[in-house]
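Got chain A; can you put chain B on it based on the hints?
Sequence order for the protein chains is A and B. Just so you know, the working numbering puts 105 at position 64 of the first sequence, and the rest follows in order with no gaps. Just so you know, the working numbering puts 496 at position 108 of the second sequence, and the rest follows in order with no gaps.
Bear in mind the hints are in silico, worked out from the structure with no lab data behind them. Fair warning: this is a prediction, and the values are worked out from it, not measured in the lab. Glycine included, each C-beta is placed from N, C-alpha and C at the ideal position. Treat the hints with care, since some could be wrong.
These stretches of chain A come out as covered by chain B in the derived footprint (C-beta under 8 Å, 3 or more residues) [unchecked claim]:
#, stretch
1, 65-79
2, 95-109
3, 127-133
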Amino acid sequence: EPEVTQTPSHQVTQMGQEVILRCVPISNHLYFYWYRQILGQKVEFLVSFYNNEISEKSEIFDDQFSVERPDGSNFTLKIRSTKLEDSAMYFCASSEGTSGRAWETQYFGPGTRLLVL
Amino acid sequence: AQSVSQHNHHVILSEAASLELGCNYSYGGTVNLFWYVQYPGQHLQLLLKYFSGDPLVKGIKGFEAEFIKSKFSFNLRKPSVQWSDTAEYFCAVIFTGGGNKLTFGTGTQLKVEL
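In isolation and in its complexed conformation, chain A is listed as follows (with noise of 0.2 Å):
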């Protein structure tokens, strides 16, 4: 069964440093998504991203945030310099997109678990 991946599984950064979180979505699907889960806390939305631009975005997705699908499977979380508040569990999830519509089942990754010293 297809699966969305995640890399890496852990990651370990300096304040202020830049991070990139990998994803491989499902490979015909075309809607996709990041969310974190800081820990204790729900799982919150951050971006979608749809057609090469983003679709949506949270108050949590500031200046420091991007995204980018820089080939025909990867999509990227780059945080430019990383906060202490940035440790979370970081998922990627993707839908098929075909119809646009919010029913559509979105499937998850694994995570990453980034923690920000």
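Just chain B, lined up with the frame of chain A:
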């Protein structure tokens, strides 16, 4: 503000007991409703979803959920749990007009004892 709440944060049951996990949302408009499960060490995966039609939805592994619009609720049920149902369960909602973003509840950690 639109929000999702799950009342039970930790639930412990014995095998064969019945399960009901509560989920409520605050929003007066149309919603799409989801239950996701995360087994230990695994991905979030969809258990079931509702977007229209019969408010009683059946999902995988014997789970079902009922949408009660008047109560803004979408409770998850299973008549007889198994040890393998030990997992974290997340209710999530897409609020119409809110794009495709899922708004999650806090999650309920279910432990099933033998």
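Are there three or more residues in the stretch 127-133 of chain A whose C-beta lies closer than 8 Å to some C-beta of chain B?
violated (count 1)
Verdict on chain B covering the stretch 65-79 of chain A, where coverage means 3 or more residues with a C-beta closer than 8 Å
Result for this restraint: holds, n = 3.
For the stretch 95-109 of chain A, does the count of residues with a C-beta closer than 8 Å to a C-beta of chain B reach 3?
holds (count 3)
Checked against the numbered hints listed earlier, the structure breaks hint 3 alone; every other hint is satisfied.
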